[in-house]
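Just so you know, we're using the UniProt record's numbering here: the sequence shown kicks off at 1 and counts up by one.
It should be emphasised that the hints constitute simulated quantities derived from the structure, not laboratory data.
All C-beta atoms in this analysis are idealised placements derived from N, C-alpha and C, irrespective of residue type, glycine included.
Just so you know, not all the hints are guaranteed correct.
To be verified - DSS-like cross-link-like pairs, simulated, lysine-lysine; straight-line CA separation at most 27 Å: (1) LYS107 with LYS164; (2) LYS76 with LYS22; (3) LYS86 with LYS164; (4) LYS12 with LYS22; (5) LYS86 with LYS107; (6) LYS107 with LYS22.
Claimed, not checked - DEER-style ranges, computed between Cβ atoms: (7) LEU199 with LEU167: 35 to 41 Å; (8) GLY200 with CYS13: 27 to 33 Å; (9) PHE159 with SER193: 20 to 26 Å; (10) VAL108 with SER192: 32 to 38 Å; (11) PRO150 with ARG74: 32 to 38 Å.
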Amino acid sequence: MSATDSLPFACKCGAVTGVVLKASPSEGDRVVCHCVDCRDLVRHLGQEERVLDDLGGTDLYQSRCARVELHSGREKLASLHMTEGKTLRWYTTCCNSPLFNTYANGKVPYVTTILANTDLARRDALLGSPIGHVFLEQATGDASALTAMPFNRLMRRFFGRMIKDMLSGDRRRSALFDAETLEPIAPPRHLSSAEQQALGRT
Numbered sequence: 001m002s003a004t005d006s007l008p009f010a011c012k013c014g015a016v017t018g019v020v021l022k023a024s025p026s027e028g029d030r031v032v033c034h035c036v037d038c039r040d041l042v043r044h045l046g047q048e049e050r051v052l053d054d055l056g057g058t059d060l061y062q063s064r065c066a067r068v069e070l071h072s073g074r075e076k077l078a079s080l081h082m083t084e085g086k087t088l089r090w091y092t093t094c095c096n097s098p099l100f101n102t103y104a105n106g107k108v109p110y111v112t113t114i115l116a117n118t119d120l121a122r123r124d125a126l127l128g129s130p131i132g133h134v135f136l137e138q139a140t141g142d143a144s145a146l147t148a149m150p151f152n153r154l155m156r157r158f159f160g161r162m163i164k165d166m167l168s169g170d171r172r173r174s175a176l177f178d179a180e181t182l183e184p185i186a187p188p189r190h191l192s193s194a195e196q197q198a199l200g201r202t
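Please build the complete structure, drawing on both the sequences and the hints.
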């Protein structure tokens, strides 16, 4: 492991810190997601100015699950389902920083790191520019000049990493899931009716 290919991250207040190991375009995918759920998570946490771009996009890096290490603040992690779907959103209770997206449990191994919590120059140097934008049809403005990344193509790229994590046992070495049960270390909750109404989702 080399520090030169590690991407540090920290929540807004600095209580939760860690690193993404072996961060590079060959080891994961940097994309910008414009879906309503990603955007509403950031809105719910009050982090729009810090996280979202001008078209409501979230800069993300999807990598293998064991590549994310937590160095501090594990007890300050919380998890949330925006919908009845399986995507689990991770954030901090100390300063409401959105940090990761994962599957509902560790059985389907992947982790997407929200890059707003990393240094801009460092992430650009390690990851390069985003390879595309997903869910452009949900962008908040004219996104016609952006390069679209079809979601099914992104999933095909993810599939190879998922198989490696399953065969190697790395899915049991995720910082976000219990090694034996593969359940999230922070019990998830769903948005309340009042929270959904505040976001205009009902």
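Practice prompt. Any hints from earlier that this structure breaks? Give me their numbers in increasing order, please.
Written response: Numbers 9, 10, in rising order.
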